[in-house]
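Student: As a plain string of letters, each chain reads:
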Amino acid sequence: MCQSPGRTGNQELRSMSGKPRLTYLNGRGRMEPVRWLLAAAGVEFEESFLETKEQYEKLIKDGVLMFQQVPLVEIDGMKMVQTRAILSYIAGKYNLYGKDLKERALIDMYVEGITDLMEMILMFPFSPPEAKEKNLDSIKDRAINRYFPVFEKVLKQHGQDFLVGNKFSWADVQLIEAILAVEEKIPAVLSGFPQLQAFKIRMSNMPTIKKFLQPGSRRKPPPDERYVETVLKVFKK
Amino acid sequence: MSGKPRLTYLNGRGRMEPVRWLLAAAGVEFEESFLETKEQYEKLIKDGVLMFQQVPLVEIDGMKMVQTRAILSYIAGKYNLYGKDLKERALIDMYVEGITDLMEMILMFPFSPPEAKEKNLDSIKDRAINRYFPVFEKVLKQHGQDFLVGNKFSWADVQLIEAILAVEEKIPAVLSGFPQLQAFKIRMSNMPTIKKFLQPGSRRKPPPDERYVETVLKVFKK
Numbered sequence: 001m002c003q004s005p006g007r008t009g010n011q012e013l014r015s016m017s018g019k020p021r022l023t024y025l026n027g028r029g030r031m032e033p034v035r036w037l038l039a040a041a042g043v044e045f046e047e048s049f050l051e052t053k054e055q056y057e058k059l060i061k062d063g064v065l066m067f068q069q070v071p072l073v074e075i076d077g078m079k080m081v082q083t084r085a086i087l088s089y090i091a092g093k094y095n096l097y098g099k100d101l102k103e104r105a106l107i108d109m110y111v112e113g114i115t116d117l118m119e120m121i122l123m124f125p126f127s128p129p130e131a132k133e134k135n136l137d138s139i140k141d142r143a144i145n146r147y148f149p150v151f152e153k154v155l156k157q158h159g160q161d162f163l164v165g166n167k168f169s170w171a172d173v174q175l176i177e178a179i180l181a182v183e184e185k186i187p188a189v190l191s192g193f194p195q196l197q198a199f200k201i202r203m204s205n206m207p208t209i210k211k212f213l214q215p216g217s218r219r220k221p222p223p224d225e226r227y228v229e230t231v232l233k234v235f236k237k
Numbered sequence: 001m002s003g004k005p006r007l008t009y010l011n012g013r014g015r016m017e018p019v020r021w022l023l024a025a026a027g028v029e030f031e032e033s034f035l036e037t038k039e040q041y042e043k044l045i046k047d048g049v050l051m052f053q054q055v056p057l058v059e060i061d062g063m064k065m066v067q068t069r070a071i072l073s074y075i076a077g078k079y080n081l082y083g084k085d086l087k088e089r090a091l092i093d094m095y096v097e098g099i100t101d102l103m104e105m106i107l108m109f110p111f112s113p114p115e116a117k118e119k120n121l122d123s124i125k126d127r128a129i130n131r132y133f134p135v136f137e138k139v140l141k142q143h144g145q146d147f148l149v150g151n152k153f154s155w156a157d158v159q160l161i162e163a164i165l166a167v168e169e170k171i172p173a174v175l176s177g178f179p180q181l182q183a184f185k186i187r188m189s190n191m192p193t194i195k196k197f198l199q200p201g202s203r204r205k206p207p208p209d210e211r212y213v214e215t216v217l218k219v220f221k222k
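Going line by line, the protein sequences match chains G and A. In terms of the UniProt record's numbering, the first sequence is residues 1 to 237. In terms of the UniProt record's numbering, the second sequence is residues 1 to 222.
By construction, these hints were calculated from the structure, which means they are not laboratory data. The C-beta atom is built at its ideal place from N, Cα and C for all residues, glycine as well. Heads up, a few of these hints could be off.
What the hints assert, rightly or not - Restricting the straight-line Cα-Cα distance to at most 27 Å, the calculated cross-link-like pairs of lysine-lysine (DSSO-like) are:
| no. | chain 1 | residue 1 | chain 2 | residue 2 |
| --- | --- | --- | --- | --- |
| 1 | G | K233 | A | K125 |
| 2 | G | K79 | A | K84 |
| 3 | A | K38 | G | K134 |
| 4 | G | K93 | A | K152 |
| 5 | G | K153 | A | K46 |
| 6 | A | K84 | G | K167 |
| 7 | A | K87 | G | K167 |
| 8 | A | K185 | A | K84 |
As the list claims (entries may be wrong) - Simulated DEER-style distance windows between Cβ atoms:
| no. | chain 1 | residue 1 | chain 2 | residue 2 | range |
| --- | --- | --- | --- | --- | --- |
| 9 | G | D137 | A | V213 | 25 to 35 Å |
| 10 | A | S202 | G | S217 | 50 to 60 Å |
| 11 | G | E46 | A | I171 | 40 to 50 Å |
| 12 | A | V28 | G | G216 | 45 to 55 Å |
Just chain G, same shape as in the assembly (with noise of 0.2 Å):
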């Protein structure tokens, strides 16, 4: 087990649980994507949260964070930053990555595609007030007429439940995360994608994603003026 010298009593017992223990700001960011997919493969987890700059800088200063960022995930014995190498490992371990090579291609690139919406998603409360009417359509452009059509054909194509290999993957993950993100913000969004209207439903009533999408979950609540400041105050330089 980890014994690096900076440690707390406190977080070497916590860390001797066996479960991953996440690092990050007490709210969605880069690190929900990675809360989604643990939860949705059953995965229980801790957490630690940053909420103050001197936090942060002692994680940088104790030496954990390899590119001085977070998300920090502490899993198996290693201490995993970057988001899609921590997902892409998580997404191995629970057999969630297909079944071969072109599989794995096949659930890479749908991820890839929504994880570039998502971004638009995660920025947007950072940007200034004047463009944020701008940054909310392109939003909608982008899912109704780039994203949303993609997962639509697939599913209306081959009929199955899931995207990938007829078998629950990180891409369905990830897609039932950016659905519901896109609709908090456009209600009506999936109005014209029948096939993602049922995939919604079928992913929702899932027994790890219905318990994730319940009260009192691991999942965060979209982000307010509270959280942007504490980002802001977090990391500024």
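We have chain G; now place chain A onto it with these hints.
Tutor: Below, chain A without anything else, positioned relative to chain G:
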């Protein structure tokens, strides 16, 4: 019908260059189609070959692959450049993602306004010297092996040598505090497939110039 992968992008580095590097490092020959006009790009979209209406596009093994990371992961997996197990893959992914963040700064640099260029160059230098290069210097020093992960040539090594050379083009003395990386650069440059790629006449593209920037703006303008 050649069976070789076909790359579709502009005639320049951009987001396709890491793919050219990885295929070349793996010793895989490939063909290229170059976008020069908006009309060619719009035709690709109209023909429905671009999953998210974007390039890079790599046609490989019957797939029309898009999204650079997906393409690179597939190539790495196919040609055994992705480690021997999940944990080695995790290390390779972390290293590649970090290097990609640095390369993104270099990618965007030609498109920044003239008044921002000096500041952006300083940022690239700061990140290379203070955030990214120290990590790989330390990794190489600690295990003393020739390659970053698992004592075996991998995608991470290709990404790192590409980044080192790209940063050096902008900041020639950038490796001066990094003896391990200097040795790594020489070792990688002398590997047969990479040596060939670094010679004139290879598929490697030159650094972006004004003409390249103009072509990008022209092809992708809304």
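Student: Does each hint fit the structure? Answer for all of them.
Tutor: Against the structure, the hints come out as follows:
1. G/K233 / A/K125: 25 Å, holds
2. G/K79 / A/K84: 19 Å, holds
3. A/K38 / G/K134: Cα-Cα ~25 Å, so holds.
4. G/K93 / A/K152: 22 Å, holds
5. G/K153 / A/K46: 16 Å, holds
6. A/K84 / G/K167: 25 Å, holds
7. A/K87 / G/K167: 24 Å, holds
8. A/K185 / A/K84: Roughly 24 Å separates the two Cα atoms, so the pair holds.
9. G/D137 / A/V213: 25 to 35 Å: Check passed, 27 Å falls within 25 to 35 Å.
10. A/S202 / G/S217: 50 to 60 Å: 53 Å, holds
11. G/E46 / A/I171: 40 to 50 Å: With a Cβ separation near 41 Å, G/E46 and A/I171 satisfy 40 to 50 Å, so the hint holds.
12. A/V28 / G/G216: 45 to 55 Å: At 51 Å between Cβs, range holds.
The structure shown violates none of the earlier numbered hints.
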